[in-house]
Amino acid sequence: MGLLTILKKQKLKEKQMRILMLGLDNAGKTTILKKFNGEDIDTISPTLGFNIKTLEHRGYQLNVWDVGGQTTIRSYWRNYFEETDGLIWVVDCADRERLATCRDELHKLLQQEKLAGASVLVFANKQDLAGALSSEQIAEVLELGSPIFKNRHWQIHPCSAVTGDGLVDGVDWIVDDIASRIYLMD
Amino acid sequence: MRGDQGDAEGEALRQEHEVRKTQADVEEAERKRNALDERWRRKLEGRKEEQQRKLEEKQEALDPTQDIDAFVKRFDALHVCINDGLEKAKALAQGEKGISRLDLKQKLDGLVKTVGDMQKELAGATLYLPPYDIRQASDKIASATAKIENARVELAPRRKFAFGNKSKPRSSSSQNATTSQSQQQPQQQKQSQADVAPPTAPEPVRAAEALLAKFSEESTELVVENKKGETINIAEIHEVSSDQDVRLRSLEDCTVHLLKPTSAVRFLHLKRCRIFVGPVAGSCFFEACEDCVFMIASRQIRIHDSTRCDFYLHVLSRPIIEHCNALRFAPYGLSYKGLDSQVQAAGLAAPRAADMWKDVDDFRWLRQQQSPNWAILDEADREKAAL
Numbered sequence: 001m002g003l004l005t006i007l008k009k010q011k012l013k014e015k016q017m018r019i020l021m022l023g024l025d026n027a028g029k030t031t032i033l034k035k036f037n038g039e040d041i042d043t044i045s046p047t048l049g050f051n052i053k054t055l056e057h058r059g060y061q062l063n064v065w066d067v068g069g070q071t072t073i074r075s076y077w078r079n080y081f082e083e084t085d086g087l088i089w090v091v092d093c094a095d096r097e098r099l100a101t102c103r104d105e106l107h108k109l110l111q112q113e114k115l116a117g118a119s120v121l122v123f124a125n126k127q128d129l130a131g132a133l134s135s136e137q138i139a140e141v142l143e144l145g146s147p148i149f150k151n152r153h154w155q156i157h158p159c160s161a162v163t164g165d166g167l168v169d170g171v172d173w174i175v176d177d178i179a180s181r182i183y184l185m186d
Numbered sequence: 001m002r003g004d005q006g007d008a009e010g011e012a013l014r015q016e017h018e019v020r021k022t023q024a025d026v027e028e029a030e031r032k033r034n035a036l037d038e039r040w041r042r043k044l045e046g047r048k049e050e051q052q053r054k055l056e057e058k059q060e061a062l063d064p065t066q067d068i069d070a071f072v073k074r075f076d077a078l079h080v081c082i083n084d085g086l087e088k089a090k091a092l093a094q095g096e097k098g099i100s101r102l103d104l105k106q107k108l109d110g111l112v113k114t115v116g117d118m119q120k121e122l123a124g125a126t127l128y129l130p131p132y133d134i135r136q137a138s139d140k141i142a143s144a145t146a147k148i149e150n151a152r153v154e155l156a157p158r159r160k161f162a163f164g165n166k167s168k169p170r171s172s173s174s175q176n177a178t179t180s181q182s183q184q185q186p187q188q189q190k191q192s193q194a195d196v197a198p199p200t201a202p203e204p205v206r207a208a209e210a211l212l213a214k215f216s217e218e219s220t221e222l223v224v225e226n227k228k229g230e231t232i233n234i235a236e237i238h239e240v241s242s243d244q245d246v247r248l249r250s251l252e253d254c255t256v257h258l259l260k261p262t263s264a265v266r267f268l269h270l271k272r273c274r275i276f277v278g279p280v281a282g283s284c285f286f287e288a289c290e291d292c293v294f295m296i297a298s299r300q301i302r303i304h305d306s307t308r309c310d311f312y313l314h315v316l317s318r319p320i321i322e323h324c325n326a327l328r329f330a331p332y333g334l335s336y337k338g339l340d341s342q343v344q345a346a347g348l349a350a351p352r353a354a355d356m357w358k359d360v361d362d363f364r365w366l367r368q369q370q371s372p373n374w375a376i377l378d379e380a381d382r383e384k385a386a387l
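Those sequence lines, one after another, are chains A and B.
Going by UniProt numbering, the letters in the first sequence line up with residues 1 to 186, in that order.
Going by UniProt numbering, the letters in the second sequence line up with residues 1 to 387, in that order.
FYI, nobody ran anything at the bench for these hints, they're computed from the structure.
Here the structure is a predicted model, which means the values were calculated and not measured.
Just so it is clear, CB atoms sit at the ideal spot from N, CA and C, and this is done for glycine as well.
Fair warning: there could be bad hints in the mix.
As the list claims (entries may be wrong) - Distance condition first, Cα-Cα at most 25 Å in a straight line; then the derived BS3-like pairs of lysine-lysine:
1. K140(B) - K90(B)
2. K48(B) - K32(B)
3. K120(B) - K147(B)
4. K108(A) - K105(B)
5. K113(B) - K114(A)
6. K140(B) - K73(B)
7. K54(B) - K43(B)
8. K114(A) - K120(B)
9. K32(B) - K43(B)
Stated by the list, open to error - Far from chain A, some chain B residues (derived; all Cβ distances over 10 Å):
10. D67
11. K88
12. K107
13. A353
14. A386
The shape of chain B in the complex, shown without the other chains (with noise of 0.2 Å):
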């Protein structure tokens, strides 16, 4: 029995120690899985933290807000950066006399060079910014490239522009004023190719001088010019047809009367002139007339470098006016025998409210403003004429 006792005691002895001799081998292979699981998951770890790394990058690189911010942040100061410059130039312009033609040209030039980087700064962003801000960027860059234009326009004109005043005989009197221009216009023209890069064959610029002289020898237009102090009625002296072009040029105080359709009219150095015309199916134009009153009406207006002018208008469409100062403007005040058929014959009729004369669009004034180079003519200064 004790041998059996023993036995079973040795055998359950055995058998613990199998047990704990097992345990112990799952313990150390516990132990080993451990480190191993350590050492994968250390290194699942760094490939993760490696990952979640790139993915930032990425996101960051991708993160839409975060660049419009940037963007914005960029673009904005290379604008302030061209308005500051713009500032300095004027500054520099009216400040001292000292400021050379040059280091202004110079000075604008590299702002131009700014606009070029938003362009790039534009250009780079468009694929994430969204159509309103593209939209709104360009606006600047073109608000940035008008600027710098006006700028040189005003600040360091180029010769162009320096020639182009010398070129118009606007102070010179009306009876130089023919003899004045024919001399300077072949000097301006040689002048103008010269500055266009390779000059042409300087001949022909007298040659179409020539050629304009003896063509308007056996033209058919109708020319008043050259007079002072005249009365003119242009119907008693010529036969006025409706497709008539008529051509008024260096007059002084003259009063003109023009009262048949016609279908063009320029008016060219005019001076204290007053001028009467009936209904005109075509356009007007006017170039460097000062201190006259016109009564027109017309189909369309075009006043250019002129002064202190008032214009009794009915007109179909917006009068434009450039260079000009010191203009005003009325409703028609002209009445003669025959003139509303006369107007309904070139097809000018038109309800009032169609009438145009205030409408005046200014080519140096694009602003919502009232131009300061015209106003409305009061209505106690109208005048009316009964011819």
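In isolation and in its complexed conformation, chain A is listed as follows (with noise of 0.2 Å):
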């Protein structure tokens, strides 16, 4: 029994995820990621393409995406698609202007096949702006009650960012909930 315990946990300390973090542009994707490694956030410019990290977090090592979100490379996103555990999908709250493109292309996305198993964090971003709803009123514009999200791993987080507010616990549920699909399953 002991030496059973001691290979899993072996075999856990290898596994590896690949997390996909997607949203419109000025949510915060990037700022998120780097305030998560500890980097600096103060002259961050807008993503024109990608970029990769990865971290360990909690004895696994995310690969993390961070997907530029401008219309025009939008399309792209599909190219990321592939082996993906997992998707953050990163919300402005205080973006009201563009919240419906938000819930369409977070729609869109999870009717795709190559993510159809992915668990799905929504980050409600930019809570430390005065004007930005709660992640309650989040969950009802992007209609997170919906069937789509029935048969799927998802949670809504609260956080932000430049504060670094609640950016472990959503991370936290996301890596939990993949472990506990893909690697504690046996």
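Relying on the hints, combine the two individually framed chains into one complex.
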């Protein structure tokens, strides 16, 4: 029994997860990634292509793909779907004008076959802004209660990339969820 | 004696005969052996030839240089074929009006198939190709795919793009901008949902709009909208805290002063406005602005769908533009009492060299050369504003 536990732990140690981070432009994807990784967030330029970061979190190796959200490059998102274990969808909660677009893009993603098995974490970002909607309100607008979420592992977490609030909670959830889904089943 | 002689002679003769006989035997045997050898030799030679032939065949298959050449030849032929096809498609699309979208689409689909062939070729050749060639080849494949994709967007846009343009009321005047938006949005969403494979229930669309309206009523965001020909000093009308996000929307011929530190500002559907803004600790987002002048200090600048605007910026990251033209950029020219300390407090203080007002990236122009969509404002034409 003891040996088995050790072996299992060893096995888990090597485990990698591929996490895709998407959302409209100006949602704060790169800022979340850098803040979470403890990097400087003062001079982040809008992402022209994508950033990849490999993070160690709770014994897992997370390969996080942060892809730019401008309309011009949204059509390239599908190039990153393959073998994605988790999708982090980032929402600018103060951007009311584009919440409808945000919802449509998210629903479009969830209909993608290649993302069918992925756990979905919605980050209700920019909670530090005075005019930000709450995560409950965002959940309503994004229609997270609709049937396409029914058979999916998903959660919404409020956060602020600038202050760092809520980031760890959200990432903890998605890592645990992926782990329980993929690695602990046997 | 004689007899002895004769005997001896006879003996010699016999011996000679014997020798001859053995010689003949030997010769006979030699002949036979030779014949056998000959047969063997021929057999061996045949076998050797066979081996040689097989070896050559094998070597031919293994010989890397020969095959790399062959691969490059085949691969480049496909590549040329794609480029030709693209040129032809472009010529067709520009030349006659007769070519239908469907025909173009079929042509482009054919090219995609050719790219598939290229990929197959490469996949088959990865065993013996050196890494450099593999990289070159996959770069070629990637660029061909991108070119075809671009051509598709340009020549035969999918439905998605058609209503994407329609939904953005770029040309509508500010007064009906709000109404046209609210009318168009539900329609647009229905369309976009229809575009995605299985249509989800149509009711939630309305629900979302209603929800947003409700949330707006209870919100604490700061909105200035639907004004014409006014001068607005926001800090005089509203209390502005440093974590405030501000939205300026559908303004025409207005002058706006926002001389307080804020966290985020959105500029939407502005026409012929002059906008003076103090430090924004987060990002500034512009959409569908025309003929405006902006003076802004900010961490991030994103400009979409805008034309003929001048931006006087102090910015800590590379400004980006998308679907814009005739934009001009200049260094921040605004000064007012307390600005410096506000900039300091917002974390935007930076040495001159770190100010990136002229390092503009254009999402519609990813080349080394200067984008035609923006320029640096001539020093002689620059304004200064002291408020």
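Handout entry: Hint check against the structure, violated hint numbers in rising order
Key = none
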